[in-house]
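Participant: Just so you know, the protein sequences line up as chains A and B, in that order. Counting from 1, position 45 in the first sequence corresponds to residue 44 in numbering that gives the first Met the number 0; the numbering is continuous, with no gaps. Counting from 1, position 9 in the second sequence corresponds to residue 8 in numbering that gives the first Met the number 0; the numbering is continuous, with no gaps.
Keep in mind that the hints were calculated from the coordinates and are not lab data. It is possible that part of the hints are untrue.
To be verified - Interface residues of chain A toward chain B, partial, derived using beta-carbon atoms under 10 Å:
1. 1
2. 23
3. 42
4. 57
Here the structure is a predicted model, which means the values were calculated and not measured. Quick reminder that beta carbons are idealized off the backbone N, C-alpha and C, glycines included.
Listed below, chain by chain, are the residues.
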Amino acid sequence: MIPLSHYLVVSALLFSIGTAGVFLRRNLITILLSIEIMLNAVNLSFVAYGRALGSVDGQIITFFVMTVAAAEAAVGLAIVIGLFRHRESLNPDAFTTLRW
Amino acid sequence: MPETITFYVLSALAIGASALVIGQRNPMYSVMLLIASFGALSGLYILLDAPFVAVAQIIIYAGAIMVLFLFVVMLLNAPQEDGAGWDRLHPLRQPGVARFGLLLALLLVTQLGWALARSTSLDQGVGVLGGGAVVSSVRELGRVLFTDYMFAFEATSVLILVAMVGAVVLARQEGKS
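Just chain B, with the same shape it has in the complex (with noise of 0.2 Å):
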């Protein structure tokens, strides 16, 4: 029973935070809202017997990708989004079609549950408890990382290279040698 109640705690948190993070008019509160979103997913996935990834969550997620997030949004110093005239006067901002965004999320939750509705074997318990036997060891990841996805952790390191130059090369001030 504790373990459902910590369930439905820490889901309310993540659904919760990253309700609020669209929400908000300043960017910053919206990039602290998501690292308490990712603290709560990051406990679900410790329920869900996963704690390697839980600790990358927290490492990747919260300390890297958050933390280069607010270093942008100080960097900028831009936190409201502006109401210039010309905004105001664009055609998407017309009532209706601004809220098409809302019906498009809205349908997608229809689909969504739909397709839940739907699914079979969908009842069985995962949990600390449940499920067959599943090895969530941090040694038989790294076995089946480095031997079945061999190739694809490869690629990755390719990705991660390609990405930083990119980085690099867009974020370099243009006119210097």
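If we strip away everything but chain A, and leave its shape as in the complex, we get (with noise of 0.2 Å):
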């Protein structure tokens, strides 16, 4: 019997690893990555709760998070691609200017 305390310790161990990813990392596939990290940590965290609570709700909340993470990869990448267009770099420093 695991305690519902220690999936709230990995699902925070999570979050925390890609908020680190976040702001060290200097490339913008790297954050989009760290990003992905962070929603997952959360969804653990509501599937152990939906489980300790027993409901469903938590699972279907991560559904809703799953297609959110979907949405946000699709256009994040998208942008991305433009934004190498422009300066052939992935690094978050070299988009300083908001036109060129």
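Join the two chains, each given in its own frame, into one complex according to the hints.
Facilitator: Below is the structure:
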């Protein structure tokens, strides 16, 4: 029998790793991957809480989070492609001007 | 007891692979490691008696979203983070400031750990054999999704349509009519 707190600790660690990735990495694709890690950490705690409270609502919300993650990945990657066409770089520090 | 061992192995796999994702300089390796992390997470969902979420995790995340990422990584063909001269002189690159993100993440870990330590009633078991009488069959999931969450479901379909149109517009070649 695994306590609920163990799942929450795993979720918290994954979320922190995602946060560190967003702040530390200098590559737009890796930053988007870190956001996916954070969304998955939240999914894990939703499912764990749903299981502990005896409700299916946690799993339902997980599906909505997955859908939002898919939409975010599609739009985010389209923006990354557009930026790369302009500057030939994936470093977020290369995009310091709003128009060129 | 095998359930406990499985939980710790899968958790270590998920956390280790995620930590390696942000440690790689090559985004191709990052995407591959993230797929491993998602596989371990789907094992955790099975431990939590949520098989449909586990399958959706594999199909949607590892199957669709990660392939999209992989496709873009190969399309752009810019595997390494560039260390150009202007980049080394960037104000955010200076020592001290550069480790600010790590500091923020450690702060987040402290806050989350503090909140977890203060919470009560977290020691009840959640596992295949634990907890209340949850019905995690696909039939029950579908019934709740199409009755209680009907509006959110329809709004999600509009969201996907908007995202699709937005991606096409953003990635379109300029200069063509």
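Participant: Holds or violated: the hint that residue 1 of chain A contacts chain B, with Cβ atoms closer than 10 Å.
Facilitator: holds, 5 Å
Participant: Taking the least C-beta to C-beta distance, is residue 42 of chain A closer than 10 Å to chain B?
Facilitator: holds, 8 Å
Participant: Would the stated hint for residue 23 of chain A survive a check requiring a Cβ distance to chain B of less than 10 Å?
Facilitator: This interface hint holds because 5 Å falls under the 10 Å limit.
Participant: Taking the least C-beta to C-beta distance, is residue 57 of chain A closer than 10 Å to chain B?
Facilitator: Interface hint status for residue 57 of chain A: holds (8 Å vs cutoff 10 Å).
The structure fails none of the hints (numbered hints given earlier).
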